[in-house]
Structure formats: C-alpha cells, structure tokens
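Student: Following the hints, position chain B against chain A.
Chains as they are written, first to last, in numbering that gives the first Met the number 0: chain A, 0 to 283; chain B, 0 to 534.
It should be emphasised that the hints constitute simulated quantities derived from the structure, not laboratory data.
Be a bit skeptical, because a hint or two may be false.
[Stated by the list, open to error] In silico SDA-like links for lysine to any residue, alpha-carbon gap of 20 Å or less: (1) A:LYS186 - B:LEU12; (2) B:LYS292 - B:SER336; (3) A:LYS186 - B:GLY379; (4) B:LYS260 - B:PHE529; (5) A:LYS186 - B:ASN388; (6) A:LYS186 - B:GLU380; (7) A:LYS186 - B:ARG376; (8) A:LYS186 - B:LYS58; (9) B:LYS58 - A:ARG81; (10) B:LYS14 - A:TRP1; (11) A:LYS186 - B:LEU387; (12) B:LYS58 - B:GLY15; (13) A:LYS186 - B:LEU331; (14) A:LYS186 - B:ARG352; (15) B:LYS14 - A:HIS2; (16) A:LYS186 - B:TYR389; (17) A:LYS186 - B:ARG330; (18) A:LYS186 - B:PRO351; (19) A:LYS186 - B:GLY390; (20) A:LYS186 - B:ARG375; (21) B:LYS58 - B:LEU12; (22) A:LYS186 - B:SER377; (23) B:LYS121 - B:ALA109.
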Amino acid sequence: MWHNWSVRIGGGALIVLVAIALAAPWLGTVDPTLFDAASRDLRPGETGEISTLEGDQLKHRFLMGSDSFGRDIYSRVLYGTRVSLIVGLAAALVALTFGVLCGLSAGYLRWLDGPLMRVMDGIMAIPAILIAIAVVALWRASLPSVVIAIAIPEIPRVTRLVRSLVLTIREEPYVEAAIALGTPTAKIMFGHILPNTMAPLLVQGTYICAFAILLEAILSFLGVGLPPEIPTWGNIMAEGRVQFVAYPHNVFFPGVFLAVTVLAVNMFGDGLRDTLDPKMAKRL
Amino acid sequence: MSTLDVKGLTVRLPKGADRPEAISDISFSVERGEILCLVGESGSGKTVIAHSIMGLLPKTLTLARGEVRLEGEELTRAAESRRRELRGARMAMIFQEPMSALNPVMRCGAQIEEVLRYHTRKSSSERRARALALMSEVALPDPERLLDAYPHQLSGGQRQRVGIAIALALEPTLLIADEPTTALDVTTQAQILRLIVDLQRRHGMAVLFVTHDFGVVAEIAHRVAVLREGRLVELGDKQAVLTRPRDAYTRMLIGAVPTLKPHARAVAEDAPVVLATNALSKTYVERGWLRRKRELPAASDVTLELRRGQTLGIVGESGSGKSTVARCIVRLIEPSSGEIRLSGVDLARLRPRELRPLRRRVQIVFQDPYRSLNPRRSVGEAIIEGPLNYGVPRGEALERARRLMELVRMDPAALERYPHQFSGGQRQRICIARALAVEPELLVADEAVSALDVSVQAQVLQLLEEIRIRLQLAMLFITHDLRVAAQVCDHVAVMQAGRIVEYGPAERIFLEPRHEYTRALFAAAPGRNFAFAPA
Numbered sequence: 000m001w002h003n004w005s006v007r008i009g010g011g012a013l014i015v016l017v018a019i020a021l022a023a024p025w026l027g028t029v030d031p032t033l034f035d036a037a038s039r040d041l042r043p044g045e046t047g048e049i050s051t052l053e054g055d056q057l058k059h060r061f062l063m064g065s066d067s068f069g070r071d072i073y074s075r076v077l078y079g080t081r082v083s084l085i086v087g088l089a090a091a092l093v094a095l096t097f098g099v100l101c102g103l104s105a106g107y108l109r110w111l112d113g114p115l116m117r118v119m120d121g122i123m124a125i126p127a128i129l130i131a132i133a134v135v136a137l138w139r140a141s142l143p144s145v146v147i148a149i150a151i152p153e154i155p156r157v158t159r160l161v162r163s164l165v166l167t168i169r170e171e172p173y174v175e176a177a178i179a180l181g182t183p184t185a186k187i188m189f190g191h192i193l194p195n196t197m198a199p200l201l202v203q204g205t206y207i208c209a210f211a212i213l214l215e216a217i218l219s220f221l222g223v224g225l226p227p228e229i230p231t232w233g234n235i236m237a238e239g240r241v242q243f244v245a246y247p248h249n250v251f252f253p254g255v256f257l258a259v260t261v262l263a264v265n266m267f268g269d270g271l272r273d274t275l276d277p278k279m280a281k282r283l
Numbered sequence: 000m001s002t003l004d005v006k007g008l009t010v011r012l013p014k015g016a017d018r019p020e021a022i023s024d025i026s027f028s029v030e031r032g033e034i035l036c037l038v039g040e041s042g043s044g045k046t047v048i049a050h051s052i053m054g055l056l057p058k059t060l061t062l063a064r065g066e067v068r069l070e071g072e073e074l075t076r077a078a079e080s081r082r083r084e085l086r087g088a089r090m091a092m093i094f095q096e097p098m099s100a101l102n103p104v105m106r107c108g109a110q111i112e113e114v115l116r117y118h119t120r121k122s123s124s125e126r127r128a129r130a131l132a133l134m135s136e137v138a139l140p141d142p143e144r145l146l147d148a149y150p151h152q153l154s155g156g157q158r159q160r161v162g163i164a165i166a167l168a169l170e171p172t173l174l175i176a177d178e179p180t181t182a183l184d185v186t187t188q189a190q191i192l193r194l195i196v197d198l199q200r201r202h203g204m205a206v207l208f209v210t211h212d213f214g215v216v217a218e219i220a221h222r223v224a225v226l227r228e229g230r231l232v233e234l235g236d237k238q239a240v241l242t243r244p245r246d247a248y249t250r251m252l253i254g255a256v257p258t259l260k261p262h263a264r265a266v267a268e269d270a271p272v273v274l275a276t277n278a279l280s281k282t283y284v285e286r287g288w289l290r291r292k293r294e295l296p297a298a299s300d301v302t303l304e305l306r307r308g309q310t311l312g313i314v315g316e317s318g319s320g321k322s323t324v325a326r327c328i329v330r331l332i333e334p335s336s337g338e339i340r341l342s343g344v345d346l347a348r349l350r351p352r353e354l355r356p357l358r359r360r361v362q363i364v365f366q367d368p369y370r371s372l373n374p375r376r377s378v379g380e381a382i383i384e385g386p387l388n389y390g391v392p393r394g395e396a397l398e399r400a401r402r403l404m405e406l407v408r409m410d411p412a413a414l415e416r417y418p419h420q421f422s423g424g425q426r427q428r429i430c431i432a433r434a435l436a437v438e439p440e441l442l443v444a445d446e447a448v449s450a451l452d453v454s455v456q457a458q459v460l461q462l463l464e465e466i467r468i469r470l471q472l473a474m475l476f477i478t479h480d481l482r483v484a485a486q487v488c489d490h491v492a493v494m495q496a497g498r499i500v501e502y503g504p505a506e507r508i509f510l511e512p513r514h515e516y517t518r519a520l521f522a523a524a525p526g527r528n529f530a531f532a533p534a
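The shape of chain A in the complex, shown without the other chains:
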C-alpha cells in the first residue's frame, strides 16, 4: 500500500496535519481566544503585544498576522486543525456506522429493503447543507450536533453503497455454504458479508471525511456552524471575509490549510482505492 504515491503524499500530509493538531500548544502558539486591541490587523510576521487572561502583556510575533480583534491567526489556524480533523473523522465514523447498519439490513433482509431505501431516497432528496442547517438550528450549535448534522446527509450514500455490495456478496457460494451450515443470520451478516465490504467502505470513508471537513468550514463560514469563539477555519474565514481586500491573510491561511487537508484526504482515499482494488487502478 505504501508503494502507491497517492497514499504516500496524502498519508504523509495527513500525518503532518495530525502532528500539528496534537502539538499545537508547543508550536509557538498562544491561547487562540486571546486578543489585544493594540495588535489589531497586523500583517504576517509583524510583532505586537497580546494580553493573557491574567492581564499580563506578552510580546508575540504574529506569524500569520492578526485579525480585527487582535487575535493571533497562526494560533487560531493551528488549533482549528483539531476541530477540522475531529469533525471529519467523527462524521465519517457516524455516517459509516449508520450507513453500514442500514445497508446490511436493506441488502440482506429483503422485507426491510423497500421501506428503508425509500426513507434513504427521501433524505437524498434534500440538499446536504439544508439538512445540516436544520439540524444545527434544532439543537444548540456544538461539536456533536455539527458532526451529526454533517453525517446525516452522508448516511444514504453509504447505505446505497453497502446495500449494492451486500446484494452481490449474498449470492456468493461461501454465504450459501454458511447458510447450509446453519450459521445464524446475524453471524452471516456481520461475520461473512461485512468484512468483505470493508475495502470500498474504507475508501468511501475518506471521501466522507474530506466532504465533512469542507462542510464544517462552510457551515462555520455561514455562521450556522460551531460558535464563533471556537477557532475553526470556517469561523476565521467568516470573520476575515469583511476585510478581505485590505487584509487577505485572514482568509488566505485558513484557506490554504483547508485546501491542503481536503486534498490530502482525497489523495489518500484515491491511493487506497487503487491499492485495495487493483482493477480500478489506472494502468501505469
């Protein structure tokens, strides 16, 4: 798997991003919520002051400049990496879990197929972003509610994928052999069929992850995502949008991180697909 260049580049970039997220406090950052009216709208690389919660004044070099409240963009972007990666991973896990359960049931238990898939069709008919906005509006905006809001529109896609895989795998002779051996239905579903759907699921998971990171940024940007005090790339960009012409760095740096992350996840997924399913790979 590691021989594939897409996996190497995408995976490498992801490892760096995870390391950044984990090591954010030790990478020359300050608390991302700190601000100082004296250090507003600094350009990248300028030095200014920042006041801590205790009221001390600290000298700080603003590597990526500061925003109109005088907060350090560099610190906010780095801490934002945490939010983005958590949202991406959690949304993918939630969507996969529910999608797999629905897909397995719809594909293997014929009587459930019709009703369940019509519900999925219903969810598919509503634009993802509308569902997400509605869910966040129903509950208070928080990390779990945003994750669920992003995961729900993905569930039908996973369900469809799993169902189609199950429909082919259930006809395999080894499944019929298991039936003949008296294996209980649940064991056949989770012991024989599910493990054989894993490869395409894993790939689908990476795409969901990339989409979730993007959607979280979009929701935050629209102001319906995580509350503005939490540093997310979408929030930073939303706040910087007004002054984009004068101070483009407010949007530029989180934008670059967002683009690189989504690209890395997608590349990793593409590479994963090529190595897990060599038939799909491009001929070299």
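Tutor: Then chain B, alone, in the frame of chain A:
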C-alpha cells in the same frame, strides 16, 4: 509454405509470477486445411500462444524471443498498423465467452459489418448483403431478423455463430479458436464443432484450436500439441498422441479423462432411504405493476430417491433445472410445492427456525472453488464454523478439522492459511472438508468438479468416492458432464426443461437410453467413439 509457422516463441511473465516465462521456446506450424489442437490444463500457456500470434498480448506480458510467420510474413516485428491490417483479414479469432466477445449495445448485423467497414471499401448495401450471406453460412435461422437483433436476444450457440461469422467475414487463411465451445451446452457444442469443421473444409483454412477437452480434440483435430506449464511436451498426429502418447504427462492427462462407460458396481437395493423427494417443484413468479403475472417453472414434479452409500446423478444442460433441485434440497431456495424427505422428515415446509437444527444433515459443495470460501477467513475458521454452530467446543472442532484435512489429503498445517494461497483443486478439498465437518447424511455436489482441470478433477472424484464408501454417505451429484456422471453415479436422472425425462440405474441409462433427449445428449458427447489410450 505453412499457413502459420511459429518458431521458438517465448513470452516473459512479470516479476513475481510463479514461473519466469508464460511460454518457453514454442515451435509448431499449421498447414492449410489443417486443424491443430493446442491442449493443456489451465495455466499451461495455450491462450498466451493464441494471443501472441494475434498480437493481442496484455501489456504485462512481453514477447522475449521467437518468430511468428503468417504465410511467410513475419509478424512479431511487424508494425502495429500492418498487424491491424492482417487481424480480421488474414487471421481471425473466436473467443470463449460469446456474450462478452460481442458488444451488448450493438446489433449483431452491425458487428459483422464493422469488420467489412474497416477492411474493405464495400458500400453499405454490399456490406449488408455480405453480412446476410455470412449469417446463412453459419446456419443462423432467419438471418434477416437476427441481423437487427442484439446479442442478449440470442441463445449462447447463436451468439457463438455470430462470433464465427465475424471471424469469417474476410475469409481469413488462419482461424484461431480459443475454447470456443467451453461455455456452451454439450448439444450446442456438438453443433458448433460440426460448423467449424464444415467451414474449415469449405474454405480450406488453417485452424488453431485451443481447448482443454480431450473429447473435443478427438472430435475435430488433425494434429495435437500438448502443453504443460508453457512448454510443448508432445506434438503429433491425433491418432498417435491420443492412442499412443509418448510423453508421461500426456499419458497422465489422457488417462484422467473419464470414460463414458458406466462403472459396474453392485448397489445395495435395500439400504435405508436417505433422501426422497416427492413431486418437488419450484416455480418463479414474476409480478409487475402493469404486467400480467408470469410463472416460470424451474423444476416441476421431481421425484427422486437416494439410499445410504449411493450416488444419484442429475444430468442435464444449463437451464434444465438440475441446480434448482439441488438448491431446493439444501433449502437454499424455497420449493413451491412437493416434499423433501430426509430420513423421513419433510424439510420442504419447515420454517427457518425449525430448519436450522436439521441443516447439518444436508451439505453442499459448489462449482466455483474460488468463490466457495470466504477470502477473509482462514481455512480453519471455515471448517470449524459448522461444528461451532452446533455447539461443538472450539478445541474439539479444531481437532476434527485436523482429522478432516488428513481425510481430504491436505496438510493440517494449512488450517492457519487463507484461501487465496491454495489452488482450485485444493480449495475444493477444503470445501469438502467443511461440508463433512458437520457429519452430514447427504452430500450434494453441485457441479463440484466442473471447474477443475481434468487431472485435478480425477483426483477430486476419487476423493469423493473414497469418502462416500468410508462414511457411507448418500451423494447427490449434479453435473452436465456425462463422462463424470458415468464414472460416479449408481442412479441417474436426466433433466430437461425442469422435468425428469429419464430416471434409472446408471448402467441401464448409459447402455440403453430410452428417451430421445437422453440419446441426443449421448450423441453430442465429444469423442464418444474414440478409444483413448488406457491410463
């Protein structure tokens, strides 16, 4: 000058393959008006030879050495444009699977005309006329209508005829046929073989016929080339090779071909009845919102009886309903009506919950060894699954699995390994062990040896025979291959279109078939009148 002259042809395999070369130093020639059969087991390189002659090698294989001369013209170093001119025009190919060899979204007539469009300057009406003539030549019924039909509207035999018509369109001097009848039923196969021989005589073509079936070889070949792992081990006149093989491998292969003579062994007529079906039927009902209900009977009124320690064969062509019967008996599908009595208990009406404890008494071995084992489970896990379901403790189940591995002649250490590490024959042995692990009374073999090479097939058949005797199993043997049926069955039921047309002791059926369909089936068996060298 020979039509085709192959000298020292060597094709390299990519790194990491089981051998360095797909074919090594292959030399032979095919004369005008001659049929040369290339025979070999799977992986022997026979298709690679056919493809290297046509210049159709996949990119992963590289032609290392050797030359291919078509009517004296060297091909391996010819420009691709020249080869393209020759393909179709001077040499043409027929493929194994007629459905995938034809374009499913193009009408048959258009596919025949396509060859003419690229290689000739004929007008569209001339092309159509030629296509019609070709379709009559390959004896397709109602060519006018079939010209505008799509491949899926044709039967397998008709599709293969269209494939042959395409190959013949430009009157090639060399025809390469790559297992053209392997995917067809035996009666259709007989017709296609006759057609190929006819056309070959009429046009005086040279034919290179790739096959794994010695019956087919006996039927049509003039000369035979035997391949083993990419090397030519024997080349000679058909009579000489098939009746007096010089090479030990050829002798082994020919010896492994089962004869059509039924075995003569006494059957105990008073053994207890294990399986008795009574008027078993399966009808598929197709319902649609705006359509009338359609009933498709897959099997009707099947009444059979099988006693302990005996083998009952169900013989028939594809679509005859033989697999449907087998799957009903194992209760993989619901029978529509009738009884399935297993040692007296009727399984046909049992609900899943009532059925589960009884399932272990009937086990099945499937045709495709590559799909019969879960690729993500070790062999050991596969074998102990059944016993675990019936409450056997894990340690004991593993012990049983080890004993079974020895019974099917495999190393018990293989229990730790995964299915992809085994060959087709080995996998089939594992499947047999898995079925035996729950100590069934009835073993259903659904085309269980049909996908195997003839030498492996002989070993698996022998193994099944030993197991039947040793465990006094009742065996239901589903097959399309009359030779296999003759070798293993005590009783035979011949099925056609969902019904049993003839049923009786194997010896009686094989020696004096009464029903005309049975007779037609036997008449179609390739090489039936040929006396192969004894094993």
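Student: Would you mind marking each hint as holding or not holding in the structure?
Tutor: Quick rundown of the hints versus the structure:
| no. | hint | in the structure |
| --- | --- | --- |
| 1 | A:LYS186 - B:LEU12 | violated (41 Å) |
| 2 | B:LYS292 - B:SER336 | holds (18 Å) |
| 3 | A:LYS186 - B:GLY379 | holds (17 Å) |
| 4 | B:LYS260 - B:PHE529 | holds (12 Å) |
| 5 | A:LYS186 - B:ASN388 | holds (10 Å) |
| 6 | A:LYS186 - B:GLU380 | holds (13 Å) |
| 7 | A:LYS186 - B:ARG376 | holds (13 Å) |
| 8 | A:LYS186 - B:LYS58 | violated (42 Å) |
| 9 | B:LYS58 - A:ARG81 | violated (46 Å) |
| 10 | B:LYS14 - A:TRP1 | holds (19 Å) |
| 11 | A:LYS186 - B:LEU387 | holds (12 Å) |
| 12 | B:LYS58 - B:GLY15 | holds (16 Å) |
| 13 | A:LYS186 - B:LEU331 | holds (17 Å) |
| 14 | A:LYS186 - B:ARG352 | holds (15 Å) |
| 15 | B:LYS14 - A:HIS2 | holds (16 Å) |
| 16 | A:LYS186 - B:TYR389 | holds (14 Å) |
| 17 | A:LYS186 - B:ARG330 | holds (19 Å) |
| 18 | A:LYS186 - B:PRO351 | holds (15 Å) |
| 19 | A:LYS186 - B:GLY390 | holds (15 Å) |
| 20 | A:LYS186 - B:ARG375 | holds (14 Å) |
| 21 | B:LYS58 - B:LEU12 | holds (10 Å) |
| 22 | A:LYS186 - B:SER377 | holds (16 Å) |
| 23 | B:LYS121 - B:ALA109 | holds (14 Å) |
Checked against the numbered hints above, the structure breaks hints 1, 8 and 9 and satisfies the rest.
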